[in-house]
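Can you make the complete structure from the sequences, with help from the hints?
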Amino acid sequence: QQQVKQSPQSLIVQKGGIPIINCAYENTAFDYFPWYQQFPGKGPALLIAIRPDVSEKKEGRFTISFNKSAKQFSLHIMDSQPGDSATYFCAASIEGGSEKLVFGKGTKLTVNP
Amino acid sequence: DTGVSQDPRHKITKRGQNVTFRCDPISEHNRLYWYRQTLGQGPEFLTYFQNEAQLEKSRLLSDRFSAERPKGSFSTLEIQRTEQGDSAMYLCASSSLGYRGVSEQYFGPGTRLTVT
Numbered sequence: 025q026q027q028v029k030q031s032p033q034s035l036i037v038q039k040g041g042i043p044i045i046n047c048a049y050e051n052t053a054f055d056y057f058p059w060y061q062q063f064p065g066k067g068p069a070l071l072i073a074i075r076p077d078v079s080e081k082k083e084g085r086f087t088i089s090f091n092k093s094a095k096q097f098s099l100h101i102m103d104s105q106p107g108d109s110a111t112y113f114c115a116a117s118i119e120g121g122s123e124k125l126v127f128g129k130g131t132k133l134t135v136n137p
Numbered sequence: 002d003t004g005v006s007q008d009p010r011h012k013i014t015k016r017g018q019n020v021t022f023r024c025d026p027i028s029e030h031n032r033l034y035w036y037r038q039t040l041g042q043g044p045e046f047l048t049y050f051q052n053e054a055q056l057e058k059s060r061l062l063s064d065r066f067s068a069e070r071p072k073g074s075f076s077t078l079e080i081q082r083t084e085q086g087d088s089a090m091y092l093c094a095s096s097s098l099g100y101r102g103v104s105e106q107y108f109g110p111g112t113r114l115t116v117t
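These protein sequences, in sequence, are chains U and E.
All residue numbers for the first sequence refer to my numbering, where the first residue is 25 and numbers rise by one.
All residue numbers for the second sequence refer to my numbering, where the first residue is 2 and numbers rise by one.
A few of these clues could be false.
In silico DSSO-like links for lysine-lysine, alpha-carbon gap of 30 Å or less [stated by the list, open to error]:
#1 U:124 <-> E:72
#2 E:58 <-> U:124
#3 U:66 <-> E:12
#4 U:132 <-> E:12
#5 U:29 <-> E:58
#6 U:129 <-> E:12
#7 E:58 <-> U:129
#8 E:12 <-> E:58
#9 U:29 <-> U:66
To list a few chain U residues with every Cβ distance to chain E over 12 Å, as calculated [stated by the list, open to error]:
#10 44
#11 53
#12 102
Quick caveat, the hints were computed from the structure, so don't treat them as lab data.
Just so you know, even glycine gets a beta-carbon here, dropped at the ideal spot from N, CA and C.
Laid out in structure tokens, this is it:
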């Protein structure tokens with residue numbers, strides 16, 4: 025049973041475009057939703073995170089939109105650059121306890137010059 | 002700040018051999034996690050420590066896997082009698098409980114294991 029479903033699997037945009045990556049979760053106990061960026065051969069790097077008490081969070085060119093009733097959240101990358109080409113993972117966890125992260129399967133983003 | 006470090010970065014071993022990986026977390030972090038990532042997949046949780054106590058283990062962690070965190074500092078993950086299915090990237094992450102009200106996990110670069 026996949027607890028966090030991520031789409032699309034891959035995404036190609038032109039420089040300056042706004043790629044959108046979507047995630048849906050099943051467990052309503054999840055209350056922390058981070059996004060990670062991973063380059064080939066590297067570990068995931070924390071990009072931005074949101075908690076369900078807000079519907080949107082912006083950090084630089086990255087924005088998370090959160091829809092609690094639909095159990096969905098998404099990552100938007102404004103003014104995308106070739107350097108943003110990477111694999112992006114959404115994740116979810118439950119505060120308290122282990123706070124282990126449950127990851128989606130990832131989205132490979134390619135930003136063409 | 003040196004971040005989370007892992008050693009070795011790459012390990013090639015023959016089936017049936019034992020391997021051990023090391024993780025050094027960010028120094029002030031009291032929580033340490035191990036995840037496994039196979040090609041084209043997201044990381045999957047294996048186990049976690051709070052200080053030196055191992056508090057949760059995933060069903061993915063078979064009896065051939067053992068992890069330790071002596072004195073609540075670095076951690077080791079040992080795989081005994083490796084199988085080809087163990088080939089994966091093994092990731093370590095650390096976090097500090099209570100920082101900004103939530104535990105943000107920071108990952109190391111991983112150890113790529115190839116079992117031949």
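Straight-line alpha-carbon gap residue 29 of chain U to residue 66 of chain U, limit 30 Å: holds, 23 Å
Satisfaction of hint between residue 12 of chain E and residue 132 of chain U, Cα-Cα up to 30 Å: holds, 26 Å
Hint consistency between residue 66 of chain U and residue 12 of chain E [alpha-carbon to alpha-carbon, up to 30 Å]: holds, 15 Å
No chain E beta carbon within 12 Å of residue 53 of chain U's: holds, 15 Å
12 Å cut-off, C-beta based - residue 44 of chain U kept clear of every residue in chain E: Non-interface label stands for residue 44 of chain U: nearest chain E Cβ at 18 Å, farther than 12 Å.
Pair hint outcome, residue 12 of chain E versus residue 58 of chain E [Cα-Cα no greater than 30 Å]: Since the Cα atoms of residue 12 of chain E and residue 58 of chain E sit roughly 23 Å apart, the hinted pair holds (cutoff 30 Å).
Satisfaction of hint between residue 124 of chain U and residue 58 of chain E, Cα-Cα up to 30 Å: holds, 10 Å
12 Å cut-off, C-beta based - residue 102 of chain U kept clear of every residue in chain E: Holds, because the least Cβ-Cβ distance between residue 102 of chain U and chain E comes to about 23 Å, which exceeds 12 Å.
Hinted pair residue 29 of chain U and residue 58 of chain E, Cα distance within 30 Å: Status holds; Cα separation ~23 Å.
30 Å Cα cutoff - pair residue 129 of chain U, residue 12 of chain E: Within the cut-off at roughly 24 Å; holds.
Agreement of residue 58 of chain E and residue 129 of chain U with the hint, judged by alpha carbon distance not exceeding 30 Å: Given that 30 Å is the threshold and the Cα spacing comes to 21 Å, the pair holds.
Hinted pair residue 124 of chain U and residue 72 of chain E, Cα distance within 30 Å: At roughly 22 Å apart (the allowed maximum being 30 Å), residue 72 of chain E and residue 124 of chain U satisfy the hint.
Hint compliance for this structure: every hint is met.
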